[in-house]
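These protein sequences, in sequence, are chains A and B.
0 is the number of the first residue of the first sequence in numbering that gives the first Met the number 0; add one for each residue after it.
0 is the number of the first residue of the second sequence in numbering that gives the first Met the number 0; add one for each residue after it.
Bear in mind the hints are in silico, worked out from the structure with no lab data behind them.
Any given hint could be a false lead.
The list treats identical chains as one, so a pair stands whether inside a single copy or across any two.
Computed cross-link-like contacts, EDC-like style, restricted to lysine to aspartate or glutamate with a CA-CA straight-line distance of at most 20 Å [said to hold, decoys possible]: (1) K12 x D117; (2) K288 x E69; (3) K201 x D224; (4) K292 x E341; (5) K197 x D224; (6) K7 x E341; (7) K256 x D88; (8) K119 x D241; (9) K12 x D312; (10) K73 x D241; (11) K201 x E69; (12) K78 x E341; (13) K78 x D346; (14) K256 x D303; (15) K7 x D21; (16) K294 x E240; (17) K197 x D282; (18) K78 x D271; (19) K119 x D56; (20) K288 x D21; (21) K59 x E341.
Okay, here's what each chain looks like letter by letter:
Protein chains: 2
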Amino acid sequence: MIVHRLEKNPILKPEDIAAYHDDHEVIGVFNAGVAELNGETLLLLRVAERPVQNNPDEVKTTVVDFSYGEPQVKVLSLKKDDEGYDFSDPRTILFNETQRRTAFLTSLSYIRIARSSDGKSFTVDDAPFIYPEIAAESWGVEDPRVTQIEDTYYIQYSAISDKGVAVGLVSTKDFVSYERLGLIFPPENKDVAIFPEKMNGKYYALHRPVPKGIGQPEIWLAESDNLLYWGNHQHLLGLSEDGWDNGRIGGGAVPFKTSQGWLEIYHAADRDDRYCLGAVLLDLEDPSKVLAKTKEPILAPEADYETNGFFGDVVFTCGVTLQNQSLRIYYGVSDTSMAVCEVALDDILSRLTDV
Amino acid sequence: MIVHRLEKNPILKPEDIAAYHDDHEVIGVFNAGVAELNGETLLLLRVAERPVQNNPDEVKTTVVDFSYGEPQVKVLSLKKDDEGYDFSDPRTILFNETQRRTAFLTSLSYIRIARSSDGKSFTVDDAPFIYPEIAAESWGVEDPRVTQIEDTYYIQYSAISDKGVAVGLVSTKDFVSYERLGLIFPPENKDVAIFPEKMNGKYYALHRPVPKGIGQPEIWLAESDNLLYWGNHQHLLGLSEDGWDNGRIGGGAVPFKTSQGWLEIYHAADRDDRYCLGAVLLDLEDPSKVLAKTKEPILAPEADYETNGFFGDVVFTCGVTLQNQSLRIYYGVSDTSMAVCEVALDDILSRLTDV
Numbered sequence: 000m001i002v003h004r005l006e007k008n009p010i011l012k013p014e015d016i017a018a019y020h021d022d023h024e025v026i027g028v029f030n031a032g033v034a035e036l037n038g039e040t041l042l043l044l045r046v047a048e049r050p051v052q053n054n055p056d057e058v059k060t061t062v063v064d065f066s067y068g069e070p071q072v073k074v075l076s077l078k079k080d081d082e083g084y085d086f087s088d089p090r091t092i093l094f095n096e097t098q099r100r101t102a103f104l105t106s107l108s109y110i111r112i113a114r115s116s117d118g119k120s121f122t123v124d125d126a127p128f129i130y131p132e133i134a135a136e137s138w139g140v141e142d143p144r145v146t147q148i149e150d151t152y153y154i155q156y157s158a159i160s161d162k163g164v165a166v167g168l169v170s171t172k173d174f175v176s177y178e179r180l181g182l183i184f185p186p187e188n189k190d191v192a193i194f195p196e197k198m199n200g201k202y203y204a205l206h207r208p209v210p211k212g213i214g215q216p217e218i219w220l221a222e223s224d225n226l227l228y229w230g231n232h233q234h235l236l237g238l239s240e241d242g243w244d245n246g247r248i249g250g251g252a253v254p255f256k257t258s259q260g261w262l263e264i265y266h267a268a269d270r271d272d273r274y275c276l277g278a279v280l281l282d283l284e285d286p287s288k289v290l291a292k293t294k295e296p297i298l299a300p301e302a303d304y305e306t307n308g309f310f311g312d313v314v315f316t317c318g319v320t321l322q323n324q325s326l327r328i329y330y331g332v333s334d335t336s337m338a339v340c341e342v343a344l345d346d347i348l349s350r351l352t353d354v
Numbered sequence: 000m001i002v003h004r005l006e007k008n009p010i011l012k013p014e015d016i017a018a019y020h021d022d023h024e025v026i027g028v029f030n031a032g033v034a035e036l037n038g039e040t041l042l043l044l045r046v047a048e049r050p051v052q053n054n055p056d057e058v059k060t061t062v063v064d065f066s067y068g069e070p071q072v073k074v075l076s077l078k079k080d081d082e083g084y085d086f087s088d089p090r091t092i093l094f095n096e097t098q099r100r101t102a103f104l105t106s107l108s109y110i111r112i113a114r115s116s117d118g119k120s121f122t123v124d125d126a127p128f129i130y131p132e133i134a135a136e137s138w139g140v141e142d143p144r145v146t147q148i149e150d151t152y153y154i155q156y157s158a159i160s161d162k163g164v165a166v167g168l169v170s171t172k173d174f175v176s177y178e179r180l181g182l183i184f185p186p187e188n189k190d191v192a193i194f195p196e197k198m199n200g201k202y203y204a205l206h207r208p209v210p211k212g213i214g215q216p217e218i219w220l221a222e223s224d225n226l227l228y229w230g231n232h233q234h235l236l237g238l239s240e241d242g243w244d245n246g247r248i249g250g251g252a253v254p255f256k257t258s259q260g261w262l263e264i265y266h267a268a269d270r271d272d273r274y275c276l277g278a279v280l281l282d283l284e285d286p287s288k289v290l291a292k293t294k295e296p297i298l299a300p301e302a303d304y305e306t307n308g309f310f311g312d313v314v315f316t317c318g319v320t321l322q323n324q325s326l327r328i329y330y331g332v333s334d335t336s337m338a339v340c341e342v343a344l345d346d347i348l349s350r351l352t353d354v
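Here chain A stands alone, though its shape is the one from the complex (with noise of 0.2 Å):
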């Protein structure tokens, strides 16, 4: 596999861009979505702000609260030293409990919109585009996906609270204001990527629940006639019993379509939280089902940036565009900074094996 990472990767890093709170610290600037607008490339930013850890002996986080009506920031401070909590994991404060359950994240994500004309330059607005608004979305907004369906895109996004990490969808024209459109998929669930063109009269989404009893994070399949509504879930790519993809694997860039098929970068993490991108081509009529698949990573975190970060050793993807038959893969490293990638889609498309 031929992979040309750009050479001024990353493109986006934390110390590029400003905090939009007060006393805060920009600490990722990762898992883009990407759309394209007027010959623009558009970057939707996952920012992640934590307050200024100015107290060694604490840990303090942001998120909105919404239980007053009107939002409200709020600056949540722990002990280091209390029992209650486990904060070993850098992403997450953990109950202290034979459960595992998340207390609080380490830090509040939004939307904010990135700019360029080449799509390797980019200028990043100063506020943010998505923000939480209602309380599904008090601990923030990450990962989002972009869909464009004729001249309207849909935004995909992981909407985070105390009651769990849930889908929500807005849609836009000109990416500066949007509609709501309710939450699509209940918790747990994320890595939602809905195809941009329907199928036999339907949508079809890739999403990604996370089972607590029975079953494992994988990748099913939903159908819709309006986007709001998913139904015929129907289960379509699971874990392998070893190798680079069995934790844990989940929708990536939007799919989109070849020759072969509908191709899918999607990502996947083994038992250690390497994630890496691997692609899957699914049927061109009938999503459900799988035609072939790469064995090997087409990705994996090898540059130091890939593999240095806030949590190192990941790759992951949220959108792709296509130059003739060169990919350009936007991808988060690290879960602090956002790198660019090309690869030829022959090279891709060569390397998928029959499942």
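Please build the complex by placing chain B on the supplied structure of chain A, with the hints as guidance.
Leaving out everything else, chain B in the frame of chain A:
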């Protein structure tokens, strides 16, 4: 609260009905959905069967295997001294690992119909009504609710396989044949109860996701315009910090209309897995508005058949009928048998308090 339990409770016990599978025993006939058709009361019984356990060193269970196209009923034998498994829960066999994932169920459930002219004495059909027919049902179908909309009955049930606990939907007009309408909620979800009429042009359903990382097993509301596809998910009713409903809650009976609002008889369990029934009142025009609920259970396990059995201390309803102002609650007891009690509707309504 004045609860009249039928003297002849339990009205249906495992020993009352013959196993459908050769060399199997019925270990449960419980958690029945309820329908009224042509003056008869129909119970859609969850019947749980397992292989006759004739080797004290083994645990045998049954699945329906769809790996080879045609479904095959398959008996699995596990050695009790296999350290890979944990046999301590009578309902499920767990992998012996920190994640406590479910390896198998200890029985296979399917739906069988019982018919009655007085609502109290039932004759059980010999053959199953809904039996596993797709891979997503290979571990069984459980806990049906029946929603009548005009002359069509929609049956919502748990569809269980190694891929998770999802929610299936079928429709019937005669309880002889039915049409499959797909999985309407992906894993992990159960306890779905569809409202029997539209509000503001939309169908509504209660559902109960079980998230893994963040959130609790609590009641959510979804809407639909065709009963097949669901969206606009909203969190509806949560656990209490302490008390009879601090472990998990979920929809029970199909909600029914009163002058004051939609009345929903739901179940809740505490952290010791003691299951009780409560009542919650929802706005007639907007069921996302919780108007009031009972602070204490309206039914708790007290009778011997409610406290002892396959899994004791469980009362669990999937359906009720209303005779004038008296509510007849059909409920599973101890994951073993079916029981009936009657409660004055006014008595429930008088115990509702603001939330």
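Legend entry - Earlier hints that do not hold, by number: Hints 7, 8, 10, 11, 12, 13, 14, 15, 18, 19, 20 and 21 are the ones this structure does not satisfy, whereas the remaining hints hold.
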